[in-house]
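Participant: So the chains spell out like this:
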Amino acid sequence: MAELSGKYLVGVYDDDDTVLHAVPRLRKAGVKIKEVYSPFPIHGLDEALGHPRTRIGIAAFMFGVTGCCTALTMMIWMMGIDWPMIVGGKDPISIPNYIPITFELTVLFTAFGMVITFFISNGLGPGTHFHPRFDVRSTDNKFVMAIDLGRNSMSIEDISRALKDSGAEEVNIKQF
Amino acid sequence: MASAHSIPSIEERFEFTSGAKRNLLIGGGIGLGLVLLGVYLAATGGGGHEAAASGAEHAAAAVGHGAAEHASAGHEAAEGHGASWMTRVWANLWVNGVYFTGISVIGMFFISYNYLAQAGWSAVFKRVPEALPAFLPITGVIMLVTFFLGGHDLFHWTHEGLYEVGGPEYDPIIAGKRGFLNTPFFIFRLVFYFVVWYGMWRVIRNLSLQEDEIGGTEFYEKSIRFGTAFLVVFGVTSSTSAWDFVMSVDTHWFSTMFGWYTLASWHVAGLAVITLIIVMLRDRGYLRAVNSSHLRDLGKFVFAFSIFWTYVWFAQFLLIYYANLPEENIYYIERFRGHGGFFKAPFFITLLLNFFFPFLVLMTRDAKFTHSILKVACWSVIIGHYMDFYTNIMPGTLGANAGFGPLEWGFFLLFICAFGYSVASQLEKANLIPRNHPMLEESLHHDIA
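Protein sequences appear in the order of chains A and B. Sequential numbering of the first sequence, starting at 0, is according to numbering that gives the first Met the number 0. Sequential numbering of the second sequence, starting at 0, is according to numbering that gives the first Met the number 0.
Looking at chain A on its own, in the form it has when it is part of the complex (with noise of 0.2 Å):
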């Protein structure tokens, strides 16, 4: 269905319970549902999604043990190796007087590395275009589902019945 890329069906909503509701029935008729869209969170929407659950926390472990050894490697070098340095009386390597460092390059490098993960993850940032916009009012006071038309192999007809029937006040087609 090539010519169906890029081609999505926007359904827009009035309630935030209506979508709520809409999103499992749709799932069971066999819609593939991209993402909806909507002014404020909704309790419960993630599940009824189906999104796989979020790894950013294992990145932000990852780069929290990247972080921390940095610090470790380059104060133990610096001050341990390269130009041993005495401090309060202590050998120049000292974990303890290492540890503060330590946890704010953990910390930085962390919140760093996720940033960077969210704008790559989102296709966001300098060099990026496709910025879909499936419906302004999405910001505002509207409820908006988002259907990839070219991951549906449901006719255009009868998910825009589906999506009718689920409570959506308008359905439009939006081609990228």
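By construction, these hints were calculated from the structure, which means they are not laboratory data. Source: prediction; values computed, not measured. Note that beta-carbon positions come from the ideal geometry of N, C-alpha and C, so glycine has one too. One should not assume that every hint holds.
[As the list claims (entries may be wrong)] A few chain B residues that face chain A, going by a derived Cβ cut-off under 7 Å, partial list only:
(1) L318
(2) N323
(3) Y331
(4) F355
(5) D446
Dock chain B against chain A, hints included.
Facilitator: Leaving out everything else, chain B in the frame of chain A:
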């Protein structure tokens, strides 16, 4: 998910079964048996580690106290080896007394700040923290009696000779603290803490029980005011009680972090106890209305405050380590090298059980609502903070005569069982879920996805 799960009934009574009573009594009996065994071993010279190097340690301590010309550095230990097992009993009673006082009062602290924040999520299990402070009179009496009978052995500052100007034992540093550290004022404060903490808890408990029967928001409003008043009181008394109960053991030494440090220790231990009790109740079929979101938040609480404790612990340690001033360093040197290196193990076990273990175990999302993992992490924190108070109190009281054997385990077990008995009897007194709490509806639907 909010709509998916059904809310279990909020009418449920906890039944303190005769089986549970029997188990707790057996546990207490074993504890008592271990205590007696420990006393026997200590009295006959078999217990403890009776450091052969104690002479050398006292020399090291004297060097540390050097500036103060503290001639009596070793005299507590030298005072009578025959009676040292008695001192060990007092010290153990004191350690457990302080620890369980803290856990009990944290119940009140938890309810109070939840009222002040007008928190909704915690309403459903509010009876659990509410049940903890009932143990306060018991630890209060134990600590008072211990101070009357064993205070002279535990607290160096109670020795009269320290205050005689020109006397052989005169100690200008301790004499300078006399305005605060003197026996009548100390006893007054000790009684004051327990009366105020327990009294304020009774008020808030009664309001809560009345609310259960009558309903309305009047009791809730009153509880907010009382809770806030308690927080003001506890803000001061948590620090001063930490100085009194723990820091005054090492009379020369002081740390401005100490109030926070002890509060952090009490707080995370109290949170671990609250979480553990909730998990245990759920295992027995109670509190089904507590869902995985509540458990996750409690797990986060334990996780976060074990880090907070470590932060305060480390802030205190690093400044002293870095500044390298002899009169401050002596505190850690005593725990690292003093008394034959005996306290080095508890010192590091404390860090392991209170930071590294809960930090790594509770880090992932699912661990925070998995019963078995929560139980392991909570027990780690509970035992870890017992070790924390052990490392804080024992070097200054027993020093080279300290030990870790049946006596210590026995007392800890005895206190745990007594505490469990007290909590269970309190839980039995009211509906397990505060049925007329204004925030209950919000709490029942607590959902953090």
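Participant: Against this structure, judge whether each hint is valid.
Facilitator: The hints, checked one at a time:
1. Annotation: L318 (chain B) was flagged as interfacial toward chain A, and the flag is violated, the nearest CB pair being 10 Å apart, outside 7 Å.
2. Checking N323 (chain B) against chain A by beta carbon gives a least distance of about 5 Å; that is within 7 Å, so the hint holds.
3. Given hint, Y331 (chain B) at the interface with chain A, is violated; its Cβ is 11 Å from that chain's nearest Cβ, farther than 7 Å.
4. With a cut of 7 Å, the hint placing F355 (chain B) at the interface with chain A is violated, because the nearest CB-to-CB distance is about 13 Å.
5. A distance limit of 7 Å between C-beta atoms decides the matter here; for D446 (chain B) the minimum to chain A is near 6 Å, and the interface restraint holds.
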